[in-house]
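Residue numbers (this note's numbering), protein chains in the order written: chain A, 1 to 339; chain B, 1 to 339.
If you are wondering where the hints come from, they were derived from the structure by calculation, not from laboratory data. The reader is advised that the hints may include incorrect statements.
Computed footprint of chain A on chain B; a stretch qualifies when at least three of its residues, placed anywhere within it, have a C-beta under 8 Å from a C-beta of chain A [unchecked claim]: (1) 203-213; (2) 267-273; (3) 291-301; (4) 321-330.
In silico DSS-like pairs for lysine-lysine, Cα to Cα no more than 27 Å straight-line [as the list claims (entries may be wrong)]: (5) B:Lys254 <-> A:Lys259; (6) B:Lys273 <-> B:Lys314; (7) B:Lys193 <-> A:Lys235; (8) A:Lys273 <-> B:Lys250; (9) A:Lys250 <-> B:Lys193; (10) B:Lys136 <-> A:Lys79; (11) B:Lys314 <-> B:Lys137.
Predicted, not measured: the structure shown is a model, and the values here were computed from it. All residues carry an ideal CB built from backbone N, CA and C; glycine is no exception.
Number of protein chains: 2
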Amino acid sequence: MHIALDAMGGDHGPEELIAGAVLAVRQADLNVSLVGDEVRLRSILEKAAPDHQTASRMRIVHSSQVIEMNEHPVEAIRKKKDSSILVAFDLVRKGDADAVVSAGNSGATMAAAVRVLGRLEGISRPGIASFFPTLKKPVVLMDVGANVDCRPLHLYQFAVMASCFSRIFDTENPRVGLLTIGEEGGKGNQLVKETYPLLKSSALNFIGNVEGRDVFQGNVDVIICDGFVGNICLKISEGLADAAMQMLRKEILKSWMAKIGYLLARPAFKAFKKRVDYSEYGGAPLLGINGTGIVCHGKSNAQAIKNAILEARKMVKYQVNAEILKSLAADDNDRLMES
Amino acid sequence: MHIALDAMGGDHGPEELIAGAVLAVRQADLNVSLVGDEVRLRSILEKAAPDHQTASRMRIVHSSQVIEMNEHPVEAIRKKKDSSILVAFDLVRKGDADAVVSAGNSGATMAAAVRVLGRLEGISRPGIASFFPTLKKPVVLMDVGANVDCRPLHLYQFAVMASCFSRIFDTENPRVGLLTIGEEGGKGNQLVKETYPLLKSSALNFIGNVEGRDVFQGNVDVIICDGFVGNICLKISEGLADAAMQMLRKEILKSWMAKIGYLLARPAFKAFKKRVDYSEYGGAPLLGINGTGIVCHGKSNAQAIKNAILEARKMVKYQVNAEILKSLAADDNDRLMES
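Please model the complete structure; the sequences and the hints are all you need to start from.
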């Protein structure tokens, strides 16, 4: 197994990314290609992996350009032909790698994946899935930003793709819910109302509508929505978690007793933080491309990068794409394509 | 000032609602009409307000029917002509009350308001606004569920209404943001892209796009979105807050030291909880009706009901509806009406 890491993307620079790759090759049976500026990466790698055993499982693939976080994805991909993200996906195209992990510009990562590898056969719109921590197992939400205006067919296909993906957590027959604003079948906007019967008549384990408050309860494995709603869910959850922590810290700092109390309860807070921390959950898979790719948060630390690499390995091992093709074939796609 | 309280709605029954009304009349210069089953309400009121001073500022208005939480709003309003919520709005229509507060079926409350009082002149779709706690002042989000499929004109009008409403918190020239998934003007779904120029060219203090993570930062006073997105934001925030508290509690209960720590830090937790507790923020105003109405969470306690009654009083005092009419007139509505 061989994972290509875009070693130039992310807010913390190549040092953090390479540290993540080192953790990954030490933990699992895999090799990593670090894609980026050769001279720079070489000197970082020599410090990060001085032992032969680790170094022998990492190689550097040179690329001369980097796509910045704020660049327009499609334009950047067109102009920067030798950018690290394009070179990384090209390794997969040539059969020199099995998957790509990137913490860079996520729009550009998606655009590069589609340009170099193309879409998976029968998939109308590739998308991005993401994990949400819950009281039980994490739930997979799709789409979280790749497709802002969707048709029912797209949502049905998100459901197929996210279901197949969720099996990498050993979820048998994943329960699929449609995100809306009321539990009954008739509730929601036009898109949701038209998507409901498609999911209902599919071979998926569709359990019906779910509401925002159900997301964190863990009673559903996969939640489907358009990319506009999904991205807002993701960002609002991150924003609320951050703000709540800031407010709580402020209150605790107001009294000595509260500060002591907090110190005593600290291990519990740490365990809690670990449970809700994005870096424990790897990255967000690109689903619907003819290959495997994962985008990570720009602020990903080494731990998050390691988990994303292990997740990519699992996606390849579980043959998520082959499962998606099988699942699509199980439904009457001709009828669905009209939706 | 006279507020009509639907004394039959809500999960906790009339006792809790009347307790809230008692708190309100003791705190502020206002009268309350309790609408519902006369015999039942009379006996509760006698216990809740044995003193003449309080009792003299409350009266009971009989109604023989109640709309349940799970009833279909429009059908229920049509069938139950003597329901407490219709009778309450009828008091406003006849000039016997200035505003309605209800913790009952919120769809039915909105339907009753529109049926009895009608829409405010020039308003195409009334909606529901809601507060979100932030690191600074609470932010007003609209719409949170009344209108699931919207056109740009509706979003513009939500911005006008929510801006006028937010002035009851002494917010001068409220900053209005458009909820979307990227900061730049071009980012978002079709609806957002078409709404942006309308807001930009309006007389409102439009500061541009805001993302989900900005909601809790307190750098914007009013956030606009369609009712589908807004309702999901509301529910996902409630769901996350609940789930996080459950997860944290579980971690704390695992060790004695953490439990002691929690006890010491408890006042800080309580202060935090108060800051994020919905019951501190009153209810959600119905905006765009020809009158004043507030819907409260079904699980509202007496404190929440009191705050909603005080909020209704403030809305009447600040003449929110007159401000909305003035603000609409400031923009070129003929051009907008085509949107």
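Status of each hint after checking the structure:
1. 203-213: holds (count 3)
2. 267-273: holds (count 5)
3. 291-301: This one is violated; 0 residues, fewer than the three required, reach chain A with a Cβ under 8 Å.
4. 321-330: Our answer is that it is violated, as 0 residues pass the Cβ test (under 8 Å) against chain A, missing three.
5. B:Lys254 <-> A:Lys259: 20 Å, holds
6. B:Lys273 <-> B:Lys314: Holds, at roughly 25 Å.
7. B:Lys193 <-> A:Lys235: 19 Å, holds
8. A:Lys273 <-> B:Lys250: 13 Å, holds
9. A:Lys250 <-> B:Lys193: Between lysine 250 (chain A) and lysine 193 (chain B) the Cα gap is close to 38 Å, so the pair fails against 27 Å, i.e. violated.
10. B:Lys136 <-> A:Lys79: With Cα atoms ~43 Å apart, lysine 136 (chain B) and lysine 79 (chain A) exceed 27 Å; violated.
11. B:Lys314 <-> B:Lys137: 17 Å, holds
The structure is inconsistent with the numbered hints 3, 4, 9 and 10, although it conforms to all the rest.
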